[in-house]
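J.: Sequences and hints are given; from them, build the entire structure.
Chain residues, written in single-letter form:
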Amino acid sequence: MHLERIMAKSSNLPDTYQRSPIMRIKLSFIGSLVGIALIGGSGKAVVAQSRNDADARAAFMEAFKVFSHARCVNCHPAGNAPLQGEDSRPHASLRLRRGADGHGVFAIKCGNCHQAQNQSGLHMPPGAPYPLIDGAEDQAHQGEPRWHLPSAATPMVFERRTPGQLCRQLLDKTKNGGLTPEQLVHHVNNDPLVLWGWNAGEGRSAPPLSHAEFVRKVEEWLDKGRACPR
Amino acid sequence: MAHIMFTLNDRSVTVDAEPEKPLLWVLREDLGLTGTKYGCGMAICGCCVIHLNGDAIRSCVTPVARAEGKTLATIEGLSRDLSHPVQRAWLELQVPQCGYCQPGQMMSAACLLAQKADPTDADIDDALSGNLCRCGTYPRIRRAIHRAADIAVGKGGPQ
Numbered sequence: 120m121h122l123e124r125i126m127a128k129s130s131n132l133p134d135t136y137q138r139s140p141i142m143r144i145k146l147s148f149i150g151s152l153v154g155i156a157l158i159g160g161s162g163k164a165v166v167a168q169s170r171n172d173a174d175a176r177a178a179f180m181e182a183f184k185v186f187s188h189a190r191c192v193n194c195h196p197a198g199n200a201p202l203q204g205e206d207s208r209p210h211a212s213l214r215l216r217r218g219a220d221g222h223g224v225f226a227i228k229c230g231n232c233h234q235a236q237n238q239s240g241l242h243m244p245p246g247a248p249y250p251l252i253d254g255a256e257d258q259a260h261q262g263e264p265r266w267h268l269p270s271a272a273t274p275m276v277f278e279r280r281t282p283g284q285l286c287r288q289l290l291d292k293t294k295n296g297g298l299t300p301e302q303l304v305h306h307v308n309n310d311p312l313v314l315w316g317w318n319a320g321e322g323r324s325a326p327p328l329s330h331a332e333f334v335r336k337v338e339e340w341l342d343k344g345r346a347c348p349r
Numbered sequence: 004m005a006h007i008m009f010t011l012n013d014r015s016v017t018v019d020a021e022p023e024k025p026l027l028w029v030l031r032e033d034l035g036l037t038g039t040k041y042g043c044g045m046a047i048c049g050c051c052v053i054h055l056n057g058d059a060i061r062s063c064v065t066p067v068a069r070a071e072g073k074t075l076a077t078i079e080g081l082s083r084d085l086s087h088p089v090q091r092a093w094l095e096l097q098v099p100q101c102g103y104c105q106p107g108q109m110m111s112a113a114c115l116l117a118q119k120a121d122p123t124d125a126d127i128d129d130a131l132s133g134n135l136c137r138c139g140t141y142p143r144i145r146r147a148i149h150r151a152a153d154i155a156v157g158k159g160g161p162q
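First to last, the sequence lines map onto chains W and D.
Numbering-wise (our numbering), the first sequence opens with residue 120 and increments by one.
Numbering-wise (our numbering), the second sequence opens with residue 4 and increments by one.
It should be emphasised that the hints constitute simulated quantities derived from the structure, not laboratory data.
Each residue gets a CB set at the ideal place from its N, CA and C atoms; glycine is no exception.
Simulated restraints on C-beta separations:
(1) Gly72/D <-> Leu241/W: 31 to 39 Å
(2) Thr17/D <-> Gln288/W: 44 to 52 Å
(3) Ala255/W <-> Glu21/D: 18 to 26 Å
(4) Glu32/D <-> Gly204/W: 28 to 36 Å
(5) Pro22/D <-> Ala255/W: 12 to 20 Å
(6) Asn199/W <-> Asn56/D: 22 to 30 Å
(7) Pro348/W <-> Glu32/D: 53 to 61 Å
(8) Gln118/D <-> Ser324/W: 33 to 41 Å
(9) Ala219/W <-> Thr74/D: 20 to 28 Å
(10) Cys43/D <-> Glu332/W: 33 to 41 Å
T.: Structure representation (structure tokens):
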């Protein structure tokens with residue numbers, strides 16, 4: 120449900136993707152093509168400013184260093200249970216299950232242990248809150264944790280994905296939670312669960328790129344025509 | 004200090020506490036409800052499970068601020084007259100050995116049964132694998148949950 124709110128909000132973003140298609144066409148004459156693509160379902164034309172497949176692939180490979188890091192992979196597992204630690208091992212000794220909504224099942228739901236913030240100390244449960252709504256705390260979920268896996272219907276697996284597989288998955292609205300490219304940028308730029316990767320609590324490493332650099336690489340990949348590694 | 008209000012075992016409660024203070028210690032120290040136990044303090048063992056709006060949370064890592072405006076139930080509130088199907092089944096099958104983990108086991112069992120009236124063995128594993136019992140009473144816990152499910156639908160006669 121919250122994703123829908125994020126998506127609704129992102130449609131009003133003063134994002135460069137939202138500009139008039141005509142204004143967005145910029146020709147590049149040296150070694151690049153002008154790429155034009157439509158965002159499926161949104162009705163908005165998105166024009167790659169200066170399509171360059173090699174640059175797009177290179178940018179994605181940089182971003183992939185983050186996507187494939189344990190902070191991201193552990194909650195985007197190939198199975199139906201979360202992973203943990205730098206080595207992405209099965210989560211503790213519990214028999215954890217994703218559940219239909221990704222929040223766990225019965226008496227073992229993610230938010231039963233994980234809070235809206237990290238707990239201090241080694242090996243304590245990490246946590247993250249719900250996203251802000253129009254810059255303010257989400258009153259409906261005040262103080263509540265949003266720790267969870269992707270839903271069973273859209274598991275968004277990162278674990279053991281090659282760069283090419285993950286790239287194509289991120290662009291496929293049937294597999295990425297229905298995100299358009301601009302919503303994907305908004306997600307990686309703003310979602311507290313993504314931001315948590317760089318504030319993961321004691322004993323947990325951060326991804327190899329800074330968050331700002333990661334977002335820039337995702338934007339660059341999309342701007343340059345969103346070509347995928349093979 | 005913060006002024007925090009919630010419903011606890013069907014009664015309105017107000018506490019003055021540091022917002023980050025774990026609910027476990029508010030229950031035990033400030034409100035005198037010592038049925039909820041301290042085990043690991045890291046949300047691993049399940050001794051401290053209580054219900055928060057029906058979810059089986061680990062009170063040892065849950066800040067009391069999260070309880071604001073919500074409905075809580077502890078082992079003392081399952082029922083006052085031992086009529087809850089989980090209490091009846093636990094007594095009937097004499098589940099506990101040392102008993103220390105049992106409040107958490109029972110609260111997790113009650114949470115499961117509230118969501119699935121007739122759980123399978125796999126459901127029980129999914130729901131209670133986070134409740135550890137050093138005495139190894141797991142076989143009796145499993146039987147008691149099935150028994151509680153029967154009691155809840157009126158099949159409460161002698162086995």
